[in-house]
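Q: From just these sequences and the hints, can you work out the full model?
One letter stands for each residue in the lines below.
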Amino acid sequence: MSETSLLLRAKAAGRDILLPMSGLREVVALAPITPLPGGPPGIQGVVLYQGEFLPVLDWTALQGCPARLESAVAMAVLMPRLGLPLEGLTGTLEAPEEGWSDPAEGDPWAPILAKVCRVGGEELALLDPDHLLALLHRLRKDR
Amino acid sequence: MDPSFDDVWAECEDLFAQARERLATLKTPQPAHVVQASVNALFRSTHTLKGMAGMLGFPRFSQAAHRMEDIFDLMRQGRLRSTDSLIETLESGIQALESGLAGLQRGQPEPDDYLHAIRRQLGELEALARPPDGAVLDLTSLLDLPPDVLKALSEYERTRVTAVLLAGIPIHGIRVSLELATFDERLRALSEAAGAQGELISALPLEAAEGQDGLSFLLLVAAPILEFQGLGAGPDEALEILRLADPERIPASLRAAPESPEASSQAAEPLQASPPPAAQDAEVLRLPAQRVEALEARLMAVAQVRDTASQVLRQLEDPDLDRPRAMMGEIETGLLEVQKSLLQMRMVKVESLFQRIEPMVKALSRDMGKPVRVSFQGGELELERSLLGRLTEPFLHLVRNALDHGLEGAAERVAQGKAEIGSLKISASQRGRNLRFDIRDDGRGFDLARIEARGLAMGLLREGQVHTAEDLHRLTLEPGFSTRERASQISGRGVGMDVVRAEVVGMGGEIQISSEPRRGSLVRLSLPLSRAVVGCLKVRCGKQIFGIPLSHVLRVQASPEALRGGSRAEVLGENLPMESLQACLGLPEPAQGQRLLVVLRQQGASADASLDLALGVDEVSGRAELLLRSLPELAHAPGIMGGSLQEEGILWVLDPEDLMGLAMDSLMRRVAGV
Numbered sequence: 001m002s003e004t005s006l007l008l009r010a011k012a013a014g015r016d017i018l019l020p021m022s023g024l025r026e027v028v029a030l031a032p033i034t035p036l037p038g039g040p041p042g043i044q045g046v047v048l049y050q051g052e053f054l055p056v057l058d059w060t061a062l063q064g065c066p067a068r069l070e071s072a073v074a075m076a077v078l079m080p081r082l083g084l085p086l087e088g089l090t091g092t093l094e095a096p097e098e099g100w101s102d103p104a105e106g107d108p109w110a111p112i113l114a115k116v117c118r119v120g121g122e123e124l125a126l127l128d129p130d131h132l133l134a135l136l137h138r139l140r141k142d143r
Numbered sequence: 144m145d146p147s148f149d150d151v152w153a154e155c156e157d158l159f160a161q162a163r164e165r166l167a168t169l170k171t172p173q174p175a176h177v178v179q180a181s182v183n184a185l186f187r188s189t190h191t192l193k194g195m196a197g198m199l200g201f202p203r204f205s206q207a208a209h210r211m212e213d214i215f216d217l218m219r220q221g222r223l224r225s226t227d228s229l230i231e232t233l234e235s236g237i238q239a240l241e242s243g244l245a246g247l248q249r250g251q252p253e254p255d256d257y258l259h260a261i262r263r264q265l266g267e268l269e270a271l272a273r274p275p276d277g278a279v280l281d282l283t284s285l286l287d288l289p290p291d292v293l294k295a296l297s298e299y300e301r302t303r304v305t306a307v308l309l310a311g312i313p314i315h316g317i318r319v320s321l322e323l324a325t326f327d328e329r330l331r332a333l334s335e336a337a338g339a340q341g342e343l344i345s346a347l348p349l350e351a352a353e354g355q356d357g358l359s360f361l362l363l364v365a366a367p368i369l370e371f372q373g374l375g376a377g378p379d380e381a382l383e384i385l386r387l388a389d390p391e392r393i394p395a396s397l398r399a400a401p402e403s404p405e406a407s408s409q410a411a412e413p414l415q416a417s418p419p420p421a422a423q424d425a426e427v428l429r430l431p432a433q434r435v436e437a438l439e440a441r442l443m444a445v446a447q448v449r450d451t452a453s454q455v456l457r458q459l460e461d462p463d464l465d466r467p468r469a470m471m472g473e474i475e476t477g478l479l480e481v482q483k484s485l486l487q488m489r490m491v492k493v494e495s496l497f498q499r500i501e502p503m504v505k506a507l508s509r510d511m512g513k514p515v516r517v518s519f520q521g522g523e524l525e526l527e528r529s530l531l532g533r534l535t536e537p538f539l540h541l542v543r544n545a546l547d548h549g550l551e552g553a554a555e556r557v558a559q560g561k562a563e564i565g566s567l568k569i570s571a572s573q574r575g576r577n578l579r580f581d582i583r584d585d586g587r588g589f590d591l592a593r594i595e596a597r598g599l600a601m602g603l604l605r606e607g608q609v610h611t612a613e614d615l616h617r618l619t620l621e622p623g624f625s626t627r628e629r630a631s632q633i634s635g636r637g638v639g640m641d642v643v644r645a646e647v648v649g650m651g652g653e654i655q656i657s658s659e660p661r662r663g664s665l666v667r668l669s670l671p672l673s674r675a676v677v678g679c680l681k682v683r684c685g686k687q688i689f690g691i692p693l694s695h696v697l698r699v700q701a702s703p704e705a706l707r708g709g710s711r712a713e714v715l716g717e718n719l720p721m722e723s724l725q726a727c728l729g730l731p732e733p734a735q736g737q738r739l740l741v742v743l744r745q746q747g748a749s750a751d752a753s754l755d756l757a758l759g760v761d762e763v764s765g766r767a768e769l770l771l772r773s774l775p776e777l778a779h780a781p782g783i784m785g786g787s788l789q790e791e792g793i794l795w796v797l798d799p800e801d802l803m804g805l806a807m808d809s810l811m812r813r814v815a816g817v
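Which chain is which? The protein sequence lines are C and E, in order.
For the first sequence, counting from 1, position 32 maps to 32 in the working numbering; every step adds exactly one.
Throughout, the working numbering is defined as the position within the second sequence, counted from one, plus 143.
Hints may be right or wrong, so weigh each one.
[Claimed, not checked] Computed cross-link-like contacts, EDC-like style, restricted to lysine to aspartate or glutamate with a CA-CA straight-line distance of at most 20 Å:
(1) K483(E) - D465(E)
(2) K483(E) - E473(E)
(3) K505(E) - D801(E)
(4) K141(C) - E776(E)
(5) K141(C) - D801(E)
(6) K141(C) - E653(E)
(7) K483(E) - E52(C)
Hints were generated in silico from the structure; no laboratory data involved.
A: Dropping the structure here:
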């Protein structure tokens, strides 16, 4: 199984998502998040990760995200040093060869998705970490 | 780049740092054994660099290092004496190799010759130091000049005189009298004209003949023939060509280069003096940066365990645990010391950056004929080693620009009522989360009118719009604005400034430029410190603890009554504006007000022109030395310099200058009722 085709399946902001394993440092238990007063939009605070501060994404800053979220239990650490709180972990799967489509028109998450995949009757959204970071930069710039 | 070679790169960087230190030692008078120890160390460093470059697969670098090694070898054998000009050449060589190494690390291809800029000097040194039997020659006495003029020749000029005579080239003198008002321009023109016919060895000032106005100079030129017509002399300049030395006059015995008694004794002395073991030859342990990082992370994990243990102990209300609690305090102190030591390993003094710049300023000053007094401040501050390497090139660029375009020649300065010698001040200071570098000259400043015209012509500015001085200064940093061709048409500055900005921004920093016509320019670089130990006052606001750097804390006092943001506070007879820390940071302000006030003063401001402000906090919980870690780019927040891990969790260290700005904004909003 090649690393590039391996995907992490998880639940975040009430949605089933896929994350490319090649873009992840690791998945860790979520440590208490320290809020950052006046911090940039899209960042809820920081956690200590390997001796350094790691900014943690605030899903509620993204359009189409429920205002109240379930408690996160884990955190996926992206390569460019951003923590994504996860409400649940399902496991890993190899990227299916078929069943991929573009995000539905009007999907508020479309700017941060690479594709959408249907697996076993369920629709899974493949997150594009680069798009997510670009969105954060834009939010920060617009503030 | 192959990560397995990381430690080799790191070792190369260390070797360069050591070489710079050794060369700096040689610049001041030292006992013979110290000179010899330094030269030996430099020889070993270049030898090691040669081998490492070979290992890394850079044959040209290896060749260049070998050439430098040869020069140090000649020095340690006593065949070359340590002189100012020699040390300057060697500094240039080491600097060229270091810049080359930095380029290779960035993936740039190998240049043809790393030592291109000093090839001529190296050739001469080698030629002089390696006559057939190793004797060192000085043929300046063959010049038909009075002894006091001969004495004025520098060591380098002496080596040149000897070299060209040995090469069979005669040396001519051009005696000329120049008007005071224009002598610098004329001297430069004559030097260029003479240089076109041969090699200009020196331009010596002479005492003016009686009854003669202006300044007299003697130019030493090595050339088979020197033509009067090609020199472009003015009618009143009394230009005269002299034949100063003929290679035919070199004694046959000297042409065969026998060993003179003087040279022999010079050569023998260092060899006889067996150098004692140098105290400064301390063992250097080189480690890849990743190992230190891993150690830091591990230490952080240990600190977390310590915090948990400390909390558990505090919860147990048992008097028998007083001693374990005290021991826990000692562990905490010890851990902070270890963290500080680890931090120290990554840091170098700013002075080492200055050491790289100084020789270049001297060389440029000499080459351009612009006398410059360079001064450095803040060399004792520290910055991360990784930043040092990245800063060198932008600094050299800025200094080159200041000398080339900013500072005027001596005559122009005098005509403007300025001191004849230009001033270049380079200072470093710590400002909040930033290390700030100021490069200030007292030259002509930026020609904003021309910059504006160029900006309009290039379509970077719009006709009819008002462009402030700030806009125009900033324009010089724009990519594409400062090509060589364009810069040559602008009498101000701007050559490659976009490259400087790109490098500074790449380090997370900022660059600002300001200038005043005929008074000078200031280029300011602000670079974020990623780690530092900061003495702080710990304060609580709501549920969070913050650190306020003590450098800005003027006083802590309790108010007789609770105050709310926007009110005034009486501090030492002064009526100061008061703002709540919560309001500054966008947190909910306590409804009951605050009684504890931390009085901040803007750093550097004098007592009579200072900006003081009272900051309301919920609790003052003491002072501590905090190991500051910077925030990642994505998490930057106004007013926050960085964070530090404490028992209570992450503590935010506030940036006092930012904080005062936030407080003033908040007070203004209150006044405006927004």
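Q: Against each hint, give a clear statement of whether it holds in the structure.
A: Here's how the hints hold up against the structure:
no., hint, verdict
1, K483(E) - D465(E), "violated, 27 Å"
2, K483(E) - E473(E), "holds, 15 Å"
3, K505(E) - D801(E), "violated, 38 Å"
4, K141(C) - E776(E), "holds, 13 Å"
5, K141(C) - D801(E), "holds, 19 Å"
6, K141(C) - E653(E), "holds, 17 Å"
7, K483(E) - E52(C), "holds, 15 Å"
Comparing the model with each earlier hint shows violations of hints 1 and 3; every other hint is respected.
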